[in-house]
Amino acid sequence: DAKTTQPPSMDCAEGRAANLPCNHSTISGNEYVYWYRQIHSQGPQYIIHGLKNNETNEMASLIITEDRKSSTLILPHATLRDTAVYYCIVRAMGTSGSRLTFGEGTQLTVNP
Amino acid sequence: DAGVTQSPTHLIKTRGQQVTLRCSPKSGHDTVSWYQQALGQGPQFIFQYYEEEERQRGNFPDRFSGHQFPNYSSELNVNALLLGDSALYLCASSLQMTNTGELFFGEGSRLTVL
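Residue numbers (the working numbering), protein chains in the order written: chain A, 1 to 112; chain B, 113 to 226.
Since the hints were made in silico from the structure, they are not lab data. We put the CB at the ideal spot given by N, CA and C, even for glycine. Please note: incorrect hints may appear among the correct ones.
What the hints assert, rightly or not - Just a sample of chain B residues kept apart from chain A, beta carbon distances all over 10 Å, derived: (1) Val-116; (2) Ser-177; (3) Ala-192; (4) Gly-196; (5) Asp-197; (6) Ser-198; (7) Leu-215.
As the list claims (entries may be wrong) - With beta-carbon atoms standing in for the labels, derived distance ranges: (8) B:Leu-207 to A:Thr-65: 26 to 36 Å; (9) B:Glu-214 to A:Pro-7: 35 to 45 Å; (10) A:Ala-92 to B:Asp-142: 19 to 29 Å; (11) A:Lys-69 to B:Leu-123: 39 to 49 Å; (12) A:Arg-16 to B:Gly-128: 50 to 60 Å; (13) B:Ala-150 to A:Thr-72: 27 to 37 Å; (14) B:Asn-191 to A:Asn-111: 39 to 49 Å; (15) B:Gln-129 to A:Met-59: 34 to 44 Å; (16) A:Pro-8 to B:Pro-173: 22 to 32 Å; (17) B:His-122 to A:Asn-111: 29 to 39 Å; (18) B:Asn-183 to A:Gly-15: 19 to 29 Å; (19) B:Glu-219 to A:His-77: 18 to 28 Å.
Isolated chain A, as found in the complex:
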C-alpha cells in the first residue's frame, strides 16, 4: 500500500471548518483513500473513503485532487468532540482484506 504523509498536528476553532491534508504521491490506480479517526482511549472510527471523485457523508467530505496525489478531509463545522487523531490510509480494494496501514496521523485539536 502507498505511503501517506500528514502534518503531526493542527488546531481549529469550534464551529469553523477543519481541513486536514494528506499526501499520497505514490498512490496506484486501484488504491482508495480512507480516513479514520481515533478519539482518546477509543478504537479507530471509519469516516469516509474515495477513489477519485469527491465524497460526502454525514460526518465529512473528502476532496481528492485530479492527479490523486493528495486529498483533504473536511469537517464542515468542527465541534469539541471532533478532537482526535485523524489517519489518512491508502488501501487497494479487493486485495488488502482488513489490513490497514496506519501512519502516525494528525492530532486535530478543536478549541472553544
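Let chain A serve as the given structure and place chain B on it in line with the hints.
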C-alpha cells in the same frame, strides 16, 4: 445492536508469561482482525481471521497467534511476553463479502508487561 466488544479492558503481566485476549465482532460480521498500538503510534496490523483460518498476517513473530470460533468470535494469544509487547490491542470486525475497508473497532485491551 452491540458493536465490537473486547475483554479484558486492562491487564498486567510479567515478562515470559502468556496472555489471551478476546473479541466478539459486531453482529452480522464474519471477519476479525487484530492490531497492536504502541503509545503514540498508529495501530499495526497483526493478522486477520475468516472462516476460522488466518488469512493475512503482518510483520509479527510466531509468539503472536490467534483463533476464530464458529460464532466468529476470536482470541489473540501472545506467548513469552516481552516488555515491548506492552500496548493497546485492538480488534476490528468486518464483512468479508463486502470488503469495503470499513472496519469496526473495539475499544481495545491495554496490556502492560512488567
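We went through each hint and held it up to the structure:
no. : hint                               : verdict
1   : Val-116                            : violated (7 Å)
2   : Ser-177                            : holds (17 Å)
3   : Ala-192                            : holds (25 Å)
4   : Gly-196                            : holds (18 Å)
5   : Asp-197                            : holds (18 Å)
6   : Ser-198                            : holds (16 Å)
7   : Leu-215                            : violated (6 Å)
8   : B:Leu-207 to A:Thr-65: 26 to 36 Å  : holds (31 Å)
9   : B:Glu-214 to A:Pro-7: 35 to 45 Å   : violated (25 Å)
10  : A:Ala-92 to B:Asp-142: 19 to 29 Å  : holds (21 Å)
11  : A:Lys-69 to B:Leu-123: 39 to 49 Å  : holds (43 Å)
12  : A:Arg-16 to B:Gly-128: 50 to 60 Å  : holds (52 Å)
13  : B:Ala-150 to A:Thr-72: 27 to 37 Å  : holds (28 Å)
14  : B:Asn-191 to A:Asn-111: 39 to 49 Å : holds (45 Å)
15  : B:Gln-129 to A:Met-59: 34 to 44 Å  : holds (41 Å)
16  : A:Pro-8 to B:Pro-173: 22 to 32 Å   : holds (30 Å)
17  : B:His-122 to A:Asn-111: 29 to 39 Å : holds (31 Å)
18  : B:Asn-183 to A:Gly-15: 19 to 29 Å  : violated (45 Å)
19  : B:Glu-219 to A:His-77: 18 to 28 Å  : holds (26 Å)
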